[in-house]
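*Asks:* Chain order of the listed sequences is L and C. Per the numbering used here, the first sequence starts with residue 1, numbered consecutively. Per the numbering used here, the second sequence starts with residue 1, numbered consecutively.
Read the hints as simulated data drawn from the structure, not as lab findings. Don't take each hint at face value.
To be verified - If we take Cβ atoms under 8 Å as the criterion, some of the chain L residues that face chain C in the derived model are:
hint, residue
1, His28
2, Cys32
3, Val98
4, Val100
5, Leu102
6, Gly147
7, Leu148
8, Gly166
9, Val168
10, Asp174
11, Glu176
12, Thr177
13, Lys184
14, Val187
Beta carbons are placed, not taken as given, at the ideal position from N, Cα and C, and that holds for glycine.
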Amino acid sequence: MKHPNPETLALHAGGDLGAMAGWRTRRHLARCAECREEVARFEQFRQLLPSLDDSQDVHWGRLAAEMKANIRLGLAAGECVRAEDPAGAGPIWSFARVGVALASVAALLAMGVVLDRPAPTVARETGVVVQATADGVQVREGGQSMGLMHSGTSRDAVTYQVGAQGSVEARYVDSETGYVTVNKVDVE
Amino acid sequence: MSNKGQIALLALLGAGAALAQDVPLEGRVSINLGKDSPVALVGMSTGDSHSSSRGAALVLDLHMALTLRNTGSSRIHGVALRVVSQEVTVGGKGSVSIPSLNIGPGESFPVRIDMQLMRPTQVAGGPLVDVNLDGVLFEDLSCAGQDRLNSCRTLTAWDLEAQRDREHFKRILAQAGPNGLRQAMLESIGRQSARPQLDVRVTRAPAVTSAAFGPVHAEQFAFLDFPDSPLQPSKGSAQIAGNEAREPHIEVLNRSARAIKYVELGWLVSDPSGQQYMAASLPASDPALYLPAGKTAIVEQDTALRFTRRGQPVNIQGAVGFVSRVQFADGKLWVPSRADLERGSLVKVLPASAEEQRLNDLYLKRGLDALVQELKKY
Numbered sequence: 001m002k003h004p005n006p007e008t009l010a011l012h013a014g015g016d017l018g019a020m021a022g023w024r025t026r027r028h029l030a031r032c033a034e035c036r037e038e039v040a041r042f043e044q045f046r047q048l049l050p051s052l053d054d055s056q057d058v059h060w061g062r063l064a065a066e067m068k069a070n071i072r073l074g075l076a077a078g079e080c081v082r083a084e085d086p087a088g089a090g091p092i093w094s095f096a097r098v099g100v101a102l103a104s105v106a107a108l109l110a111m112g113v114v115l116d117r118p119a120p121t122v123a124r125e126t127g128v129v130v131q132a133t134a135d136g137v138q139v140r141e142g143g144q145s146m147g148l149m150h151s152g153t154s155r156d157a158v159t160y161q162v163g164a165q166g167s168v169e170a171r172y173v174d175s176e177t178g179y180v181t182v183n184k185v186d187v188e
Numbered sequence: 001m002s003n004k005g006q007i008a009l010l011a012l013l014g015a016g017a018a019l020a021q022d023v024p025l026e027g028r029v030s031i032n033l034g035k036d037s038p039v040a041l042v043g044m045s046t047g048d049s050h051s052s053s054r055g056a057a058l059v060l061d062l063h064m065a066l067t068l069r070n071t072g073s074s075r076i077h078g079v080a081l082r083v084v085s086q087e088v089t090v091g092g093k094g095s096v097s098i099p100s101l102n103i104g105p106g107e108s109f110p111v112r113i114d115m116q117l118m119r120p121t122q123v124a125g126g127p128l129v130d131v132n133l134d135g136v137l138f139e140d141l142s143c144a145g146q147d148r149l150n151s152c153r154t155l156t157a158w159d160l161e162a163q164r165d166r167e168h169f170k171r172i173l174a175q176a177g178p179n180g181l182r183q184a185m186l187e188s189i190g191r192q193s194a195r196p197q198l199d200v201r202v203t204r205a206p207a208v209t210s211a212a213f214g215p216v217h218a219e220q221f222a223f224l225d226f227p228d229s230p231l232q233p234s235k236g237s238a239q240i241a242g243n244e245a246r247e248p249h250i251e252v253l254n255r256s257a258r259a260i261k262y263v264e265l266g267w268l269v270s271d272p273s274g275q276q277y278m279a280a281s282l283p284a285s286d287p288a289l290y291l292p293a294g295k296t297a298i299v300e301q302d303t304a305l306r307f308t309r310r311g312q313p314v315n316i317q318g319a320v321g322f323v324s325r326v327q328f329a330d331g332k333l334w335v336p337s338r339a340d341l342e343r344g345s346l347v348k349v350l351p352a353s354a355e356e357q358r359l360n361d362l363y364l365k366r367g368l369d370a371l372v373q374e375l376k377k378y
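Next up, chain L with everything else stripped away, as it sits in the complex (with noise of 0.2 Å):
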């Protein structure tokens, strides 16, 4: 499976991707628990960086009305020198400009049943997570993880229980002791 790169993890992960790339990345999300992962990491590192928002450094008001100011004068500059409009002459149906249209409004509506499909949506976890693995009970968190292991025992000869608190138990009469075994994990 292809991932998407950092980039697009953490532009997802701030809400900034475009339509088609946000699509694309919350598909490949829904599948792959490593990038969920990544991206948890990415939004949580978000949540640290508020502060910076509040810099004083940058004055954001002279920054905008700058930038407007070179807006007009780009676009009266390119009023001064734009040449007589040449489209004006030719035929406005032109084979070539009718299939140009065809070809937009077909990409348009290929676009839209795309876009109105149900996107898988994204079940996105945070914190420690406790659960039942193929063989044992499991805690973790990010990266990290610790489990406590069955092994040598089918599944469907160990006895499951959760705690609401937080915890997952494993019993199952041990193979080799012969001693019924408890495995439990749990969270602090």
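Using the hints provided, position chain C relative to the given structure of chain L.
*Replies:* Chain C alone, transformed into the frame defined by chain L:
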């Protein structure tokens, strides 16, 4: 790339792989049984423990076999070991408990600990894993150990359940003979294999619920009230959205004449077809709970539980609560009777006790005569 460059790259990759594999496990596990411990470590093996690299992470598979000896003067009925990996998952911990023991003074018994740790490749010094003795329960229900995980309470509750279930099967043996006991064992084994289990994932931090789970609604609990229970659950609800349930809270009344310091409820859920499942136990969140006679308290947790079965989400449509464990202020414990469990068909939904599981296994592996002899020991 030049030959020299290729050789350098291969050497680098080889060295990386070798470093990732080269994590000595000797000395990385610390066993601490404490001063004046009633058990002594008489053997330890790390068997085929090994490490392997997985991307930027290091995976450690630890397979330990400990041999402990009862150095006290009472029979041991249960042991709990606390297993902590401080470097992995802040606050993450585990325990390995052996209930239903019957170890005489001077006798030894094995404890296996199979662990998997995943951590960054940067290996720091010191033990990766600390194993501490958290609780040892004796025949007279006295208990020793650090008890940081409340192991004494858990081991005692398991022992009360063990006494209850042994009595149940001994009564059947006395009333219906070996054939009656065989029938009861087969029914018990059949119940356990037919009992539906859900896969439940518990998230401690507030999860971001997506629209995929559907609208959230407060599901009111229905209750099974056991006549002999010191607690009466009165009202409660949980927030349900699709296959996710969160923030369960239940009000309970202490209708006994004694103060209570610990409460644990059982929580059943139903799917759209009406099939009931054991969802979770719901212990009181307040470690300093003190509930005088005649007073009420709220039992609640702020976690989110997500239910699946065979990889598919199971939508939740009903919630039933019942009192499953109570500890009085004087330390005595109450657990439901066998009659309580058989009332309301709870016995079909709840897992068998550790002792019933052990007796089932004994019957399957060693037959009816061995089971009868085992019951006669108590």
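*Asks:* If a hint holds in the structure, say so; if it does not, say that too.
*Replies:* Outcome of the hint check:
Violation of the interface hint for His28/L is found here, the shortest Cβ-Cβ separation to chain C being roughly 16 Å, above the 8 Å cut-off. Here the hint on Cys32/L is broken, as its CB sits about 14 Å from the closest CB of chain C, past 8 Å. For Val98/L, the interface hint is violated, since its Cβ never comes within 8 Å of a Cβ in chain C; the closest pair sits about 42 Å apart. Of the supplied interface hints, the one on Val100/L is violated, with its beta-carbon coming no nearer than about 38 Å to a beta-carbon of chain C, more than 8 Å.
Checking Leu102/L against chain C by beta carbon gives a least distance of about 36 Å; that is not within 8 Å, so the hint is violated. For Gly147/L, the interface hint holds, since its Cβ comes within 8 Å of a Cβ in chain C; the closest pair sits about 4 Å apart. Proximity of Leu148/L to chain C holds as hinted, the smallest CB-CB distance being about 5 Å (cut-off 8 Å). The interface hint given for Gly166/L holds, since its Cβ lies 5 Å from the closest Cβ of chain C, which is under the 8 Å cut-off.
Here the hint on Val168/L is kept, as its CB sits about 7 Å from the closest CB of chain C, short of 8 Å. Because the closest C-beta pair between Asp174/L and chain C is about 6 Å apart, less than 8 Å, the hint holds. Interface restraint check: Glu176/L against chain C, minimum CB-CB distance 6 Å, threshold 8 Å, status holds. The interface hint given for Thr177/L holds, since its Cβ lies 5 Å from the closest Cβ of chain C, which is under the 8 Å cut-off.
Taken as an interface hint, Lys184/L checks out: its beta carbon lies about 5 Å from the nearest beta carbon of chain C, inside 8 Å. For Val187/L, the shortest C-beta to C-beta distance to chain C is roughly 5 Å, which falls under 8 Å, so the interface hint holds.
In summary, the numbered hints that this structure violates are 1, 2, 3, 4 and 5.
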